[in-house]
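Chemist: So the sequence lines, in the order shown, correspond to chains A and X.
Counting in this note's numbering, the first sequence runs from 184 upward without gaps.
Counting in this note's numbering, the second sequence runs from 614 upward without gaps.
Derived by calculation from the structure, the hints in this document are not laboratory data.
Cβ atoms here follow ideal geometry from the backbone N, Cα and C, with glycine treated the same way.
Be aware that a few hints might be false.
For each label pair, taking beta carbons as the anchor points, the in silico distance ranges come out as [claimed, not checked]:
#, chain 1, residue 1, chain 2, residue 2, range
1, A, G198, X, P1024, 50 to 60 Å
2, X, G883, A, D197, 47 to 57 Å
3, A, A234, X, N717, 27 to 37 Å
4, A, E249, X, T766, 27 to 37 Å
5, A, A234, X, G656, 48 to 58 Å
6, A, I235, X, D1022, 41 to 51 Å
7, X, N717, A, G198, 37 to 47 Å
8, X, E904, A, N228, 34 to 44 Å
Beyond 10 Å from chain A on every Cβ pair, some chain X residues (computed) [said to hold, decoys possible]:
#, residue
9, Q739
10, I816
11, A849
12, D986
13, R1049
14, T1089
15, P1131
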Amino acid sequence: MSTLDTSPRLDDPDGLFEALVEAHRDLDADASRRLDARLVLLLANHIGSVAIVREAIAAARAAAGEKP
Amino acid sequence: MGTYTHPRYAIAPICDAGARHPIVIVGAGMVGLTAALDLARRGQRVVVLDDDDTVSVGSRAICISKRSLEIYARLGIGQRLLNKGVTWNTGKVFFRDRLVYEFNLLPEAGHEFPAFVNLQQYYLEQWLVEACAATKLVGLRWKNRVVSVDNRTDGVTLSVETPAQTYALTADWLLACDGAHSAVRESLGLEFTGKVFRDRFLIADIVMHADWPAERRFWFDPPFHAGGSALLHRQADDVWRLDFQLGWDADPDAERDPERVQARVQAMLGPHEKFEIEWVSVYTFRCRRLEKFRHGRIFFLGDAAHQVSPFGARGGNGGTQDADNLGWKLDAVLRGIAPDSLLDSYDAERIPAADENILNSTRSTDFITPKNDAARAYRDAVLELSAHYAFARPLVNSGRLSRPAVLRDSPLNTPDEERWDGGVPPGAPAVDAPVRHDGKDGWLLHHLEGFSLLLFGAPRELPRGLDVRAIFVSPTGEAGALHDYTGLAATRYAAAPGTVILLRPDQHVAARWRRFDPVAIEHARQNALALPTAMAKRMVG
């Protein structure tokens, strides 16, 4: 079984960041939130493993000091 | 009013105040009546107390699942429900003005009953009352209200109020089937654990002579009810059940206003449909259960034990399975062929089943009624994606419809020792198949009775001492065997010649083997009765 890979893997980190920010151009807070949700769902399906997404959720919470 | 006239049942005077009865059931709703009929058909005398004198009023349980229909077929009213009910297999989910998801619950042929029929609860209850009366073993006491319960180790004594008097009666065993506001539960001071959803829904039953298909339709944020959800089901007598999500801040009294309801319904159906409103109510719902369903000599069934939201048809069908589960066990204990500890398996089997219903129902309700802005964003994101991408459609949750409980971890199961690819594992309910018997086409489940043994292969002599009903199932249809003329029975049970399946009186699989072994069969039967199995070897062979 695979686990969440948190090593640096992106071929174009600056390009990714720019694309994410640009995607929210002219969206209000609600629309922005829905866009992020659609993005998460598309990527989760691409990953195809709920277990890995759960690991990512835990890692995301932990990175900002949220309780598991 | 309307399409159905409620019977008023006669209130008989009480002539046996202080008497003791083996079984008393509180609540003549669908679950209490199902339990009464099941027990009576096993030969048990039952007293049923109900605080009203008629059947269910208003729009309650409407979707009767395939498993419930099979249970009612065992109890003799399955065909009647099928004939009167509206058969449906297809569900459609709409987001705004487009269809985003469609499911077919029973794409498979070769079953007596469809995935669901829709029928108003009052018909089911009326026919259960009639069937109970026909057994002459069920004493139905209308306008008998339980006012107090004394739960002792040697019996349960009730104080019961009738229009004429207040009297006491004592039960060896008490079945509390008296609904979400169970008087028995309140008397015992038992609490539910779970959650209440902050939302309100409007239910309207309307009469409409429209040629719409018999399918479940669910809308998220439709043009006719922006921001909310709506649900449509067809019932018998051209009655249609509509649900509208109103939100927590809605005023229930204002929402019941006939003109307001009329306008909502007209918007849903379009300006040209003619209809009459038959019933309106506004409700909230809960997903919760008691910690335990058995309390000494008292058992809780149906809504008295657990409650779910209506999305998924898991309330009435869950309660029907409670009755199906407890009936044979109580009968076996009363006959002295099983120990009292068999009754503990009601908790071991039905609590996980209730949890499965609560989990599914909670998830559906969390989707339909998002509990915060983030949940709403994800819900809307799923719906937006579902219009374009197939992967998002299984995430759309408008209710996961009732499936029969598989009692996987039941202590009454004898686990597989051989390798099985598929089939019907221990704990699962028997699966139906078409069979021919004495030249007549019929159904496998109709041949089950008590503990039954399906033996795949040609009929032969069995050793004495096996206390089971032996049913041979063969592809060639020799005399004395059920003719599996389509091969579906063998396929569905993953059976080869020699395969043996032991079924309990509630038609759940107790054990299965690849070859006939009478000692193993007797062991498994005794295990399913919570008997110590050490004696099996001596009794057989």
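Chemist: Taking the hints in turn, state whether each one holds.
Modeler: Checked hints:
no.	hint	result
1	A:G198 / X:P1024: 50 to 60 Å	59 Å, holds
2	X:G883 / A:D197: 47 to 57 Å	54 Å, holds
3	A:A234 / X:N717: 27 to 37 Å	30 Å, holds
4	A:E249 / X:T766: 27 to 37 Å	50 Å, violated
5	A:A234 / X:G656: 48 to 58 Å	52 Å, holds
6	A:I235 / X:D1022: 41 to 51 Å	28 Å, violated
7	X:N717 / A:G198: 37 to 47 Å	44 Å, holds
8	X:E904 / A:N228: 34 to 44 Å	38 Å, holds
9	Q739	46 Å, holds
10	I816	30 Å, holds
11	A849	40 Å, holds
12	D986	7 Å, violated
13	R1049	46 Å, holds
14	T1089	46 Å, holds
15	P1131	43 Å, holds
Of the numbered hints stated above, those contradicted by the structure are hints 4, 6 and 12, listed in ascending order.
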